[in-house]
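Asker: Given the structure of chain X, go ahead and fit chain Y onto it with the hints provided.
Going down the list, the protein sequences come from chains X and Y. First residue of the first sequence: 28, per our numbering; consecutive thereafter. First residue of the second sequence: 2, per our numbering; consecutive thereafter.
Note that these hints are calculated values from the structure, not bench results. Wrong hints could be hidden among the right ones.
The list that follows gives simulated cross-link-like pairs (lysine to aspartate or glutamate, DMTMM-like), each with its CA atoms no further than 20 angstroms apart [unchecked claim]:
#, chain 1, residue 1, chain 2, residue 2
1, X, 103, X, 63
2, X, 359, X, 373
3, X, 114, Y, 106
4, X, 444, X, 254
5, X, 256, Y, 219
6, X, 284, Y, 133
7, X, 441, X, 403
8, X, 89, X, 324
9, X, 114, Y, 219
What you are looking at is a predicted structure, and each value in this text was computed from that prediction instead of being measured.
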Amino acid sequence: MTNKKTGPFGVLRSVALTCAAALTLGTSSLSAQAEDTIKVGVLLPLSGNFAANGQQTLTGIKMYLDEIANSVAGHKIELLVEDSQGKPDVAVTKARKLVERDGAQMLSGIVSTGVALAVNDYARGAKVPLILSGDAGGDDLTVPGPLANPYLVRVSQNGRTVAAAAADFAYKKGWRKATVIGSDYAGGVDTIYSFALAFCRLGGQVTQEQWPPIGTSDFGPYLTNLDRKADAMVAFNPGADGLRLGKQYSEFGLTGKLPVLDIYATIVYEPNLPQLGDSTLGMYSSLLYSAMIKTPENERFVAEFKKRMGYLPSNEGPNGYVGMHAIADAVKTVNGDLKDTPKFIDALKEVKFSSPKGDIKLDKYGMVIQSMYIREVQKVDGQLANVPVATYNNVDQFWPMTYEEYESYKYGYKDLKGQLNDCSKLLAKK
Amino acid sequence: MIWVIHVLNGIAIGMLLFLLAAGLSLIYGLMKILNLTHGSFYLVGGYIGLTVMQFTGSFVLALIVAAIIVGVIGAVIERGFLRRFHLDELPQTLLTFGFLFIFADLCLWIWGGDPLMVRQPRLLAGSLPLGDFSYPYYRLFLIVIGLAIAGGLWWFQEHTRLGTMLRAGVDDAEIARALGINVSLLFTLVFAAGAALAAVGGVLAAPVLSLYPGGDFDALLLAFVVVIVGGLGSLRGALVGALLVGLLDDFGKAFFPQFALFTVFVPMALILVVRPTGLFGRR
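The shape of chain X in the complex, shown without the other chains (with noise of 0.2 angstroms):
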């Protein structure tokens, strides 16, 4: 008989239990070895809808580490790099993988938030430091609250700041009313919420919000329904969705009628401009980085991505490069002793350095401060490209609140999907 608490499968689970702690086990004594050898694991979507993004993370984790020559202080830096595919459950297999089997000594990388947060429970419990690098921009991950991590530092980005940054330049461009189009899933109804909260802020307004589901391959649906009364688009949608959006909102005849902000850059992503032409002219993206900067830093590492990728880099390749320069640093700081892992973490803490992306350095809760800048598509050179109309230095992940402020709004971006149009609501507080 079965045991009736645990069911049919508890025998199974069981098995599978013993099995995964016999493997555990048999490994922990192999990671022992290599000490002079630091091992970054690194968990990136490298196919799937996300394998872009993937691709130009690794290639700036990889130019910083050759202009280290993989070593620092004495230390060589040895990357361990794992497909995600961008799902969860397939990351946490690679990241046991990396840590357990392979010795991977910390994680880094991460693109989908989804991926992160799964991962992010396995880092907190197995006490792995995650240096997340990638796209991951769940806000929560650095708040404190339930998904705090004490082991997480993340030098990339959040959905919010992006977003307020746009709320700021949409309102001072004199637009009172945008109609928003957002992915739908948690990292885009985040980032719209939070759009659409600091627009209510500053006296704006989301007349109306759509949301096509990720994947969605015909937008045509969304733009004859667009309201074109609205002073703009504010859009939201990573992954091939951008690019389909972008090339049928012109197809539409959208263009010139409707401007467009477009938070992330996820039409005007850099390797997409070529693909959609000329139709891009004048669209408004808000990022934390543009290929444009005039800094020796940034036009260093536009030149050598380029040279690389065969095109202009977007927000992945100088995260991936900030992430590993934090590793870098980091590893310094502690002469390459890693068994204090909270040592470690602090080290991260507090590094500060120049990079592309601008000035960096980290808040007490391990989450980036570093520069907005909002972009408009032109042609330099002949070539498309999103150059900074607007910026924002110092920007902490609570940007333009305290987090005092942050946290005294009653609802979430999880209540009120569907009432964004209603400020009263999203201004109401606790």
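Answerer: For chain Y alone, coordinates are given in the frame of chain X:
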């Protein structure tokens, strides 16, 4: 006017779905092979079309080259592999599943991970103004070419000798063989034609849907929905199913956006409940 656009759009997308589903349905109807590689034929066709476009700039040439190359690939797969498991459904399906992965990796290797957009022919680049709105010429072209291909396939099936043999094969392959029809050759031809049709669909869809890793699975899923709604093995079913799914998807997304994820699948589930064999399927 907004209604006109929604209807046009539903039909245009329906036509793309038809091109995807027709080959899948024909192959199943004749050979009883659930061809999962069909998604690859679509994606590989699109990518080949893209490359041809890059080198020659000709959309017509892209369609022809993609159809020929993918058709040959289809013939090789049928002759070289599927034939060994004649009427053995599970090994056949698994085999086509394996090919799906192999082609997906090959595409990633050759064309990379970035989503790629194919430019439509310059002639069809603009859009037709309709009151306050406008509708892309290219999608109107899709409607025309979709109907033309559907008509051509119907004519072929009803009015040519090969078409008659095909229908005989669908009805009863054994008897057809006994009557002296070269069923073996017919199998290869239909498999190649189905693959070529998917490739044409890939090239035609690329300017609208873009090409990206994973596009093969997405296309396969939609093709399945269409053939389940329309009934496996029936060309008419594929056409009606595709139009139905295209229109329901458009209107569903436009007027019940909160169900956007299910607009394609709810009709499928409902039809399965009422008619498990699909609208035009036969037992």
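Asker: Are the hints correct? Go through all of them and say.
Answerer: Here is how each hint holds up against the structure:
As the CA atoms of residue 103(X) and residue 63(X) are separated by approximately 7 angstroms, the hinted pair is consistent with the 20 angstroms bound. At roughly 13 angstroms between alpha-carbon atoms, residue 359(X) and residue 373(X) fall within 20 angstroms of each other, so this suggested pair holds. A hinted pair counts as satisfied when its Cα atoms are at most 20 angstroms apart, and residue 114(X) with residue 106(Y) qualifies at roughly 17 angstroms. A distance of roughly 18 angstroms separates the Cα atoms of residue 444(X) and residue 254(X); the hinted pair therefore holds under the 20 angstroms criterion.
The suggested pairing of residue 256(X) with residue 219(Y) is violated, with an alpha-carbon distance near 34 angstroms, which exceeds 20 angstroms. Straight-line distance between C-alpha atoms of residue 284(X) and residue 133(Y) comes to about 11 angstroms, which keeps the hinted pair within the 20 angstroms bound. Restraint check: the Cα-Cα separation between residue 441(X) and residue 403(X) comes to about 31 angstroms, which exceeds 20 angstroms; the hinted pair is violated. Taking the CA atoms of residue 89(X) and residue 324(X), the gap is about 16 angstroms. The hint holds against a cut of 20 angstroms.
For a cut-off of 20 angstroms, the pair hint linking residue 114(X) to residue 219(Y) stands: about 16 angstroms separates their Cα positions.
In the structure shown, a violation is registered for the earlier hints numbered 5, 7, in ascending order.
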